[in-house]
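Assemble the whole structure, with the sequences as input and the hints as a guide.
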Amino acid sequence: MELYPVYVRHSGEWDDNKFIIFVGDCIKFLPKDGLPSILIYNDTDVRVYIELKKKRLDFTEYSLYVTVKEIYDNCLVATSSRCLVATSSICIDKGKCVNDIEDASTIYSIEIMPDIEFIENTDYGIIDNMLNKLVEEDQVYKDRETVVSVMKNSVVRERFQFKVKRSSAIMYHLMCVDDNCVWSFKSSAVYKANIFKVRSYNNNHTCGYGERYLAQRQATSGVVASIVKDKYVNPKKVYTPNDIIEDIQKQHGIKVSYMKVWRAKEIAMAIIRGNPSDSYKELPRYLYMLEHTNPGTITKLHKSEYGCFLYAYVSLYASIKGWKNCRPIMVVDGSFLKAAYKGTILTACT
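Using UniProt numbering, the first residue of the sequence shown is number 1, and each one after it goes up by one.
Source of the hints: derived by calculation from the structure; they are not laboratory data.
We put the beta carbon where it would ideally sit given N, CA and C, even for glycine.
Treat the hints loosely; a few may be bogus.
[As the list claims (entries may be wrong)] What follows is a list of derived Cβ distance ranges for each label pair: (1) Leu134 <-> Asn275: 30 to 36 Å; (2) His205 <-> Asn234: 52 to 58 Å; (3) Phe336 <-> Leu301: 19 to 25 Å; (4) Asn180 <-> Glu282: 50 to 56 Å; (5) Asn294 <-> Leu134: 47 to 53 Å; (6) Thr240 <-> Thr344: 23 to 29 Å; (7) Tyr313 <-> Phe336: 14 to 20 Å; (8) Val332 <-> Thr44: 42 to 48 Å; (9) Asn275 <-> Leu52: 28 to 34 Å; (10) Ser200 <-> Phe336: 56 to 62 Å; (11) Ser168 <-> Glu61: 39 to 45 Å; (12) Lys237 <-> Asn204: 38 to 44 Å.
Shown next as structure tokens:
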């Protein structure tokens with residue numbers, strides 16, 4: 001574990017961008033004279049600060065400013081409900097006075113928390129692939145949702161079932177559906193951050209074949225969607241629910257219902273192409289960019305009194321200019337829209 005010397009100042013207040021007599025409720029560091037202080041309130045900020053200290057040999061640079069709020073037996077500790085760096089990181093001797101602490105000779109070292117040090121040195125890195133196939137102890141995942149997705153896809157791929165023993169914002173513990181089986185998986189948040197670490201993983205099953213293979217409750221529509229979503233990248237490719245049923249059966253040996261794969265198809269298309277209702281929200285930006293990049297273009301967007309989309313009108317400047325040389329005959333054609341919200345698209349030509 002590396003130690004980095006840090007110049008610590010405390011017990012005063014800020015006047016604009018100048019340090020005077022410290023008073024506050026959190027830990028800050030000063031990036032440069034004349035600039036506002038930067039709050040340290042989570043693990044990411046701690047890692048950023050450590051990286052800055054690594055690159056600067058002068059210990060007086062990036063000095064920490066700590067607020068003393070609560071008195072403990074042997075030390076004064078900076079505490080705050082907004083500050084996750086908290087009590088174990090920095091401890092100031094109760095016997096020191098403010099003037100002594102401001103002396104540059106008083107230097108304290110911050111020890112990096114074991115989990116954060118491990119993340120920086122790990123060979124795995126922080127995993128964000130929700131279809132990750134190799135699960136091992138000490139792996140670190142981007143967030144809880146990634147861990148949940150990885151484990152659900154894993155049980156579908158390896159054809160067994162699990163049940164959730166404990167699940168919260170900071171932990172995710174699983175065990176085999178058979179209470180007598182030793183298979184287990186435990187993960188939890190790294191020091192109350194969003195990052196999750198695999199604490200223990202026993203991938204050996206001692207249960208019977210039937211308990212694991214007769215049913216597959218983890219093959220939800222969301223899991224099926226994550227497996228087949230790449231099939232919908234090409235909008236010209238036709239991939240029906242029956243195709244999904246056939247592929248899941250061949251690849252994973254699992255029978256899924258038509259209704260489940262229909263919902264999976266809808267979820268997969270939303271992941272790849274976005275939600276249809278969200279697309280309408282992008283119309284004002286799209287029409288603005290049309291007018292901005294094509295001067296002379298006319299666009300109109302009409303909405304109901306409740307703010308719902310009614311219709312849009314687009315006429316490119318090149319088309320407007322071309323009408324002058326066309327015959328005075330107009331043909332209007334309409335085509336039915338088959339998207340989620342139906343409708344009709346009208347075109348006028350000559």
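Evaluated hints:
no., hint, result
1, Leu134 <-> Asn275: 30 to 36 Å, "32 Å, holds"
2, His205 <-> Asn234: 52 to 58 Å, "39 Å, violated"
3, Phe336 <-> Leu301: 19 to 25 Å, "21 Å, holds"
4, Asn180 <-> Glu282: 50 to 56 Å, "54 Å, holds"
5, Asn294 <-> Leu134: 47 to 53 Å, "50 Å, holds"
6, Thr240 <-> Thr344: 23 to 29 Å, "26 Å, holds"
7, Tyr313 <-> Phe336: 14 to 20 Å, "19 Å, holds"
8, Val332 <-> Thr44: 42 to 48 Å, "57 Å, violated"
9, Asn275 <-> Leu52: 28 to 34 Å, "40 Å, violated"
10, Ser200 <-> Phe336: 56 to 62 Å, "57 Å, holds"
11, Ser168 <-> Glu61: 39 to 45 Å, "40 Å, holds"
12, Lys237 <-> Asn204: 38 to 44 Å, "40 Å, holds"
Hint violations for this structure: numbers 2, 8, 9, all remaining hints satisfied.
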